[in-house]
Amino acid sequence: MPEFDKNAAYIWACYGIGALLILALTLQVALAARSARKRLASLATNDSDGA
Amino acid sequence: MWSYFANPHKFLRLSDWLAPTFYAVGALCIAWGLWQGLWVVPKDEYQGGDIMRVMFIHVPAAWLAMASYSALAVASFIWFVWRHELADIAAKSIAPLGAVWTAICLATGAIWGKPTWGTWWQWNDARMMSVLFLLFLFLGYVALRASMDTRQKAARAGAILAMVGAINVPLIKFSVDMVESIHQGASVITADGPKMAAVYLTPLLISGLGHSLFFGGLVMTSMRTEIRERRIARLRAASLEGA
Amino acid sequence: MSGAPLLAAFRQSLGEAWAGGAGALLPLGFLGGTAVLVPLGIGTDAATLKAVGPGIIWVALALASLVTLERIFQADTEDGTLDLWLQAGAPVSALAAAKTLAHWLSAGLPLALFSPVLALMFQAQASPALLVNAGLYALGSLAFFFWGGVGAALSATVRRGGLLISMIALPLYVPTAVFGALAMSGGPGSTGAPLFLAASTLCACAVAPYAMSAALRLAAD
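Protein chains in written order, with numbering that gives the first Met the number 0: chain A, 0 to 50; chain B, 0 to 242; chain C, 0 to 220.
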């Protein structure tokens with residue numbers, strides 16, 4: 000890990016917040032995508048079963 | 000030619016390979032920028048020592064905040080004029096993502112400001128205020144769309160708000176030069192070209208590219224989700240009618 | 000194209016904004032109440048009040064605009080007046096502008112004209128500058144009312160839309176607030192600021208009616 004001068008806490012706080020928010024957002028987008036794909040697939044198969 | 004981009008099927012096929020590519024290249028660029036910014040680049044005592052390294056997350060976030068709002072306004076305009084559903088889907092997807100990067104810009108900016116200028120925030124700084132209200136615009140856009148009864152109304156209301164708010168974006172860029180403030184003046188995009196040394200500028204630009212690509216990937220994935228959600232809604236409505 | 004619907008809308012708005020006889024008392028009462036709360040809240044130190052006074056008045060103007068405009072279009076959507084307008088033939092943007100102007104005349108302008116009194120209460124020096132400031136408040140509050148009108152039009156169909164209006168309108172208020180405060184600060188930026196204030200108000204008056212018109216058509220559907 001790099002050694003920073005007196006402001007190390009601020010620097011790590013910034014990158015930490017950035018990383019946390021971006022990763023959390025990516026996770027949320029991925030989960031929403033997966034959920035939509037699953038629901039669409041199940042609807043499509045239900046239709047073809049019932050039709 | 001433009002109607003090519005209006006076709007959801009073509010978009011789905013395009014984003015099948017383009018989104019992962021954006022994610023991969025974007026993540027690589029961000030990683031390289033991080034490595035340079037945190038390890039390699041020398042600290043600049045004139046700019047306050049190591050703390051200026053925060054610029055490698057703060058500045059790309061600021062660029063993205065403004066660029067994504069512009070994208071929102073453009074998508075809204077395209078929808079408003081040509082009614083391509085894909086443009087509305089794009090606008091709807093961009094807003095929450097833009098809000099997050101705007102929040103990152105504000106948070107990192109405040110944390111950078113504390114040791115540098117002694118204050119977390121300055122209320123009469125036009126640029127800080129403009130970015131804060133850019134965040135409110137994004138959140139207001141999402142709230143407005145959510146409060147409308149139908150998808151069509153949500154699209155129309157959102158489009159009006161996005162276009163009206165577009166006036167805010169140029170104000171951010173030029174406000175620092177118009178209004179005296181403690182915020183650093185423009186050093187990347189100025190009339191004479193970048194004022195920053197290459198050793199800092201290159202990681203900054205690559206980070207900016209990385210964040211933009213990653214953001215683009217997230218937008219595409221969100222759009223794909225929205226396209227699927229709309230299909231689900233239509234299928235459900237159709238099966239209710241048919242049953 | 001006759002101006003009759005425009006004049007009618009203007010008169011009707013003036014009437015309802017004039018609160019059936021109470022006139023400008025309500026907005027002035029609101030302003031007075033806000034002004035009294037401030038020293039109670041932040042302390043009575045003269046130097047603080049003097050520094051804070053102009054800003055408080057801007058805030059009070061912004062709040063007054065939001066409060067006044069909340070129902071401006073909602074009632075019209077509900078009782079069918081909006082549909083009548085759309086058929087009347089006068090451009091909806093002009094009708095919306097007329098209504099907004101009427102509300103500004105009855106709520107915004109009186110507040111601006113009353114501002115020297117408030118400024119004195121906030122320990123400002125008595126001087127012609129207070130009258131100049133009243134003019135600046137008048138200019139800025141016009142922008143508040145027009146942008147607030149956009150928020151009100153967009154939220155016309157939303158129940159309890161007051162908060163949504165605020166959320167939409169506040170970012171649009173920012174240039175006016177920034178330049179208004181700058182113009183009164185007396186510091187290095189203050190000489191050019193009134194021009195920028197005027198520019199942003201003109202922009203509001205030019206753009207907002209069309210946005211309101213689009214939003215009202217949306218509400219009527």
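Bear in mind the hints are in silico, worked out from the structure with no lab data behind them. A virtual CB, placed ideally from N, CA and C, is assigned to each residue, including glycine. One should not assume that every hint holds.
No farther apart than 35 Å at their CA atoms in a straight line, the calculated lysine-lysine pairs in the DSBU-like style are these [to be verified]:
{"no.": "1", "chain 1": "B", "residue 1": "K9", "chain 2": "B", "residue 2": "K113"}
{"no.": "2", "chain 1": "A", "residue 1": "K5", "chain 2": "B", "residue 2": "K42"}
{"no.": "3", "chain 1": "A", "residue 1": "K37", "chain 2": "B", "residue 2": "K42"}
Listed next, with one range per pair, are the computed distances between beta-carbon atoms [said to hold, decoys possible]:
{"no.": "4", "chain 1": "A", "residue 1": "L30", "chain 2": "C", "residue 2": "R10", "range": "17 to 25 Å"}
{"no.": "5", "chain 1": "B", "residue 1": "H8", "chain 2": "C", "residue 2": "T80", "range": "38 to 46 Å"}
{"no.": "6", "chain 1": "C", "residue 1": "R10", "chain 2": "B", "residue 2": "H8", "range": "52 to 60 Å"}
{"no.": "7", "chain 1": "C", "residue 1": "E77", "chain 2": "B", "residue 2": "W81", "range": "19 to 27 Å"}
{"no.": "8", "chain 1": "C", "residue 1": "A205", "chain 2": "A", "residue 2": "K37", "range": "20 to 28 Å"}
{"no.": "9", "chain 1": "C", "residue 1": "D44", "chain 2": "A", "residue 2": "S34", "range": "41 to 49 Å"}
{"no.": "10", "chain 1": "B", "residue 1": "L17", "chain 2": "A", "residue 2": "S34", "range": "20 to 28 Å"}
{"no.": "11", "chain 1": "C", "residue 1": "L129", "chain 2": "B", "residue 2": "A5", "range": "56 to 64 Å"}
Counterexamples of contact, computed for chain B against chain C with all Cβ distances above 12 Å [said to hold, decoys possible]:
{"no.": "12", "residue": "L11"}
{"no.": "13", "residue": "L17"}
{"no.": "14", "residue": "T20"}
{"no.": "15", "residue": "S69"}
{"no.": "16", "residue": "F79"}
{"no.": "17", "residue": "G139"}
{"no.": "18", "residue": "Y140"}
{"no.": "19", "residue": "V141"}
{"no.": "20", "residue": "I166"}
{"no.": "21", "residue": "M195"}
{"no.": "22", "residue": "L234"}
Given the hint of 38 to 46 Å, check if H8 (chain B) and T80 (chain C) actually sit that far apart at their C-beta atoms.
-> Once the Cβ atoms are compared, 44 Å apart, the range 38 to 46 Å for T80 (chain C) and H8 (chain B) holds.
Taking the shortest Cβ-to-Cβ distance between L234 (chain B) and chain C, state whether it exceeds 12 Å.
The assertion about L234 (chain B) holds, with a minimum of 25 Å to chain C.
Regarding the pair K37 (chain A) and K42 (chain B), is the alpha-carbon distance no greater than 35 Å?
violated, 49 Å
**OP:** Take the C-beta atom of L30 (chain A) and the C-beta atom of R10 (chain C), compute their distance, and say whether it sits inside 17 to 25 Å.
**Re:** Because 56 Å falls outside the window, the suggested range is violated.
Least C-beta distance between Y140 (chain B) and chain C, which was stated to exceed 12 Å
violated, 9 Å
Q. Closest CB-CB distance from S69 (chain B) to chain C, is it above 12 Å?
A. holds, 15 Å
**Asked** Would you say I166 (chain B) is clear of chain C, with no C-beta pair closer than or equal to 12 Å?
**Response** violated, 7 Å
When you check the alpha-carbon spacing of K5 (chain A) and K42 (chain B), does it fall within 35 Å?
-> It holds: about 12 Å lies between the C-alpha atoms, which stays within 35 Å.
> Hey, does V141 (chain B) actually stay past 12 Å from chain C on C-beta?
Replying inline: For V141 (chain B), whose nearest Cβ neighbour in chain C is about 10 Å away, the distance does not exceed 12 Å, so it is violated.
Test the statement that G139 (chain B) is away from the interface with chain C: the closest C-beta pair must be farther apart than 12 Å. violated, 4 Å
Status of the given 19 to 27 Å range, CB of W81 (chain B) versus CB of E77 (chain C): Cβ of E77 (chain C) to Cβ of W81 (chain B): about 33 Å, so the range 19 to 27 Å is violated.
- [ ] Say whether it holds or is violated: T20 (chain B) keeps its Cβ farther than 12 Å from all Cβ of chain C.
- [x] holds, 35 Å
In summary, the numbered hints that this structure violates are 1, 3, 4, 7, 8, 9, 16, 17, 18, 19, 20.
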